[in-house]
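Take these sequences, add in the hints, and give me the full structure.
Residue strings, one per chain:
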Amino acid sequence: MKKTIKLRAKAKNGVVTVKALISHPMETGLRKNKKTGKLIPAHHIQQLVARSGDKTVLQAALGGAVSKNPYLSFRFAGNKGDTVTLSWVDNLGQSDEVTGSVK
Amino acid sequence: MNRRTLLKSSLAAGAVTLAATAGLLAPGRVLAAYPSAAFAAKDSAGALSTAMGSPEYSLSDEISIKAPDIAENGSVVPVTVSSAISGVESISILSEANANPLVAVFALSAAEPYISTRIKMGKTGNVVAVVKAAGKLYASKKEVKVTIGGCGG
Chain A
2 MKKTIKLRAK AKNGVVTVKA LISHPMETGL RKNKKTGKLI PAHHIQQLVA RSGDKTVLQA
62 ALGGAVSKNP YLSFRFAGNK GDTVTLSWVD NLGQSDEVTG SVK
Chain B
151 MNRRTLLKSS LAAGAVTLAA TAGLLAPGRV LAAYPSAAFA AKDSAGALST AMGSPEYSLS
211 DEISIKAPDI AENGSVVPVT VSSAISGVES ISILSEANAN PLVAVFALSA AEPYISTRIK
271 MGKTGNVVAV VKAAGKLYAS KKEVKVTIGG CGG
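So the protein sequences, as listed, match chains A and B. For what it's worth, my numbering labels the leading residue of the first sequence as 2, then goes sequentially. For what it's worth, my numbering labels the leading residue of the second sequence as 151, then goes sequentially.
These are computed hints drawn from the structure, not numbers from a lab. Note that the structure is a prediction, hence the values are computed from the model and not measured. Heads up, none of these hints are tricks.
Residues from chain B that face chain A, not an exhaustive set, calculated with beta carbons under 8 Å:
1. Tyr-184
2. Pro-185
3. Leu-252
4. Glu-262
So the derived label-pair ranges between C-beta atoms look like this:
5. Glu-212/B / Lys-81/A: 25 to 35 Å
6. Ser-204/B / Pro-42/A: 25 to 35 Å
7. Ser-236/B / Lys-36/A: 46 to 56 Å
8. Ala-249/B / Asn-80/A: 39 to 49 Å
9. Asn-80/A / Ser-259/B: 15 to 25 Å
10. Lys-20/A / Ser-259/B: 16 to 26 Å
11. Ala-187/B / Asn-80/A: 34 to 44 Å
Here are some chain B residues pointing at chain A (derived, C-beta under 8 Å):
12. Phe-189
13. Ser-225
14. Ser-245
15. Asn-248
16. Asn-250
17. Ala-254
18. Val-255
19. Ala-257
20. Leu-258
21. Ser-259
22. Ala-260
23. Ala-261
24. Tyr-264
25. Ile-265
26. Ser-266
27. Lys-270
All C-beta atoms, glycine included, are put in the ideal place defined by N, C-alpha and C.
The following block contains the structure:
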């Protein structure tokens with residue numbers, strides 16, 4: 002599968018700011034197909050985990066109300082050269098993971 | 151003829167078993183901690199009591215929500231939540247006017263109390279940030295006017 006996560010991590014004064022952009026349709030399951038009138042089945046990211054080295058930094062549970070192609074930014078204490086791994090799993094069991102280094 | 155029917159039926163049965171195992175195993179593995187009931191809740195009190203154990207929170211001005219006053223497009227509303235409360239365990243974002251108000255729950259294992267993301271809003275309503283610190287819930291609200299809804303349609 003094509004890489005779905007774009008990740009940038011920058012350290013400043015001991016704090017790492019991570020910015021991530023994931024390409025995902027994030028269908029709520031409430032929207033209707035305008036032509037057929039049928040509901041578009043839900044397809045959204047449910048869980049997202051960020052790790053740095055062997056420690057978990059952030060665990061997120063997302064609903065369908067997060068925008069399409071989700072953007073997420075968070076901060077944690079760290080330094081230049083650390084690694085950041087971001088992974089997600091959606092309601093259909095698809096997943097992706099990417100590891101980047103802090104600049 | 152008999153052999154063919156037998157083959158067909160056993161194949162079909164096999165496929166069903168496979169589908170069932172896949173369907174049962176996959177969610178069991180990944181959804182262990184996913185609060186699907188909280189995301190399906192129809193009001194924010196219900197969502198909060200399912201996700202956080204209590205619908206009660208006290209308003210706090212130490213939580214800041216950065217969101218536009220007027221969002222032209224409800225399907226992409228940038229929201230940034232940060233908090234000055236110490237010992238923050240989780241940050242939840244809710245949009246009160248949505249059919250399912252709970253948007254996301256962020257459990258901050260080692261992250262600073264700062265989350266920035268983009269959410270969908272069905273119509274004009276309050277964006278609520280609920281912060282859990284030392285077992286208590288604190289919240290802050292901000293009204294966002296939506297001119298074009300982003301849910302349903």
